[in-house]
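With the sequences and hints as input, model every part of the structure.
In case you want the letters, here they are:
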Amino acid sequence: MNKTIVGLLSFFFLIGCAVRPTDPDELRIYEQNNDPMEPMNRSVFAFNQAAHKHVLSPTIKGYRAVVPDAIRTGIDNFLTNLKQPVYLVNALLQWDWKAAGQITGRFATNTFVGFFGVFDTATDAGIPAPKRDFGQTLAVWGVKNSGPYIVLPLLGPSTVRDTIGLGVDAFADPVDWVLYSQNPWLSYGRTGANGFVKYENMHDLMENMEKNSTDYYATMRSMYQQNRQKEVSDLRGETTEVQAEYDFDFPDDEE
Amino acid sequence: MKKVFAFILGLFFMPALAKAENPAIEFVDNLADKVINTILVADVSRDEKLSRFRKEFTEALDLKNIGQFVLGIYWRKATLEEKDAFLNAFMDFTTKTWADRFDMYQGQKIVFTGVRNAERNQFYVDSTIQNNPPVEVIWRLKQKDNTYRIIDIIIEGVSMAMSYRNEYSAYLQNHGGSVQALADELKQKSDNFKWSDQKE
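Residue numbers (this note's numbering), protein chains in the order written: chain B, 75 to 329; chain E, 56 to 255.
Honestly, the hints are just simulated from the structure, not real lab data. The structure presented is a predicted model; accordingly, all values stated were derived computationally and were not measured. We put the CB at the ideal spot given by N, CA and C, even for glycine. Some hints here could point you the wrong way.
What the hints assert, rightly or not - Residues from chain E that keep clear of chain B, each with C-beta distances beyond 10 Å, as calculated: (1) Ile80; (2) Val90; (3) Lys110.
Stated by the list, open to error - Here are the computed lysine-lysine pairs in the DSS-like style, where the Cα-Cα straight-line distance is at most 27 Å: (4) E:Lys242 with B:Lys127; (5) E:Lys132 with E:Lys249; (6) E:Lys104 with B:Lys285; (7) E:Lys249 with E:Lys89; (8) E:Lys89 with E:Lys199; (9) B:Lys285 with E:Lys199.
Put into structure tokens, the structure is as follows:
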């Protein structure tokens, strides 16, 4: 990350902290949201939404109009296949031999049978597709606290732990090392393409959420946190029951 | 002694309990079948689909309890009129939201993998939607007078009730805690409802 961005972020951080509420009920909500930088996050979120509306969404609609479905799937498959090595690194770091085996099998199948990953032969053959990132690895290693919620410019919802994970994954990706050594622009191009395809996959869901939410920011935050929590709990071998155990008790006949 | 008694009682009731585990799955299974066959894949107009969906949705979900849960701390502070206005708008809008979401159904199968008992007559029915990648869906049910009502749907760890609760808390915090304002906002969204692929 370059210096300007770091500088800007720390500036926003200073002006962007929320005030802790004094009301005990509101304080409970505040703590549950785990979002002390909410004002700053909302600014970045607003920026992302503007980018979505004026640049990304029109680009994606154009991409869908011009590039046929089958080719888009091929591009997605190809890029996903190139992510398998860094997934494998994380599966190994998580001591998850089963996932490591599946990822290796998937990579070999799709690379050799699926024409360099353009066809997802592995899924047709019933090989699962675990995704393993360094944010999860940190959690498996014992970093239980995700740290506060963060909205990253263009990349969207994250946490301190997951942002670190994102950085480490970008740095440790074996495919990236190879591409970078050939030509740095190959690496940049791939990063951009990855982001674009990921965004394309999320696009419709995001539009649906936005349309149906009275506070899109809060909806995204809640869903991201819950989903990530489940992913991490599953990897840590904790039961899903624990997560769903919030208070759902109300008097049956209260009017 | 109490424990022993409970154990013996438990032995007697075990077959009954084991059986009682099935009705919860059966309830969700039947519901899913009904929604898929008479609504999602049925060859009827979208307005007709919406009205059929509204009937199933309001019968199967305990929307009143859910509505109460999602308002959280603001439920107690709201007046009777505000509660009514909110519940009506919430029911109407969530019906449309989910009719729209279910409308994207593309023939995926749903497989039930088990049921877990929870406290206070509640059950979790575990299921997987055979999508690529597969989606894990947990149905949280409450049993009352021999019938079940859905009180939450948890998709890949995301509880819908919890998400609504967090969303509305944020909205209310930014609107002076006015449940009426939230009800008006929901009503307005509901009145302006459009199906997803009918934009512009």
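How the hints compare with the structure:
no.: 1; hint: Ile80; in the structure: holds (17 Å)
no.: 2; hint: Val90; in the structure: holds (19 Å)
no.: 3; hint: Lys110; in the structure: holds (21 Å)
no.: 4; hint: E:Lys242 with B:Lys127; in the structure: holds (25 Å)
no.: 5; hint: E:Lys132 with E:Lys249; in the structure: violated (33 Å)
no.: 6; hint: E:Lys104 with B:Lys285; in the structure: holds (20 Å)
no.: 7; hint: E:Lys249 with E:Lys89; in the structure: holds (24 Å)
no.: 8; hint: E:Lys89 with E:Lys199; in the structure: holds (21 Å)
no.: 9; hint: B:Lys285 with E:Lys199; in the structure: violated (34 Å)
Consistency note: the structure conflicts with the earlier hints numbered 5, 9.
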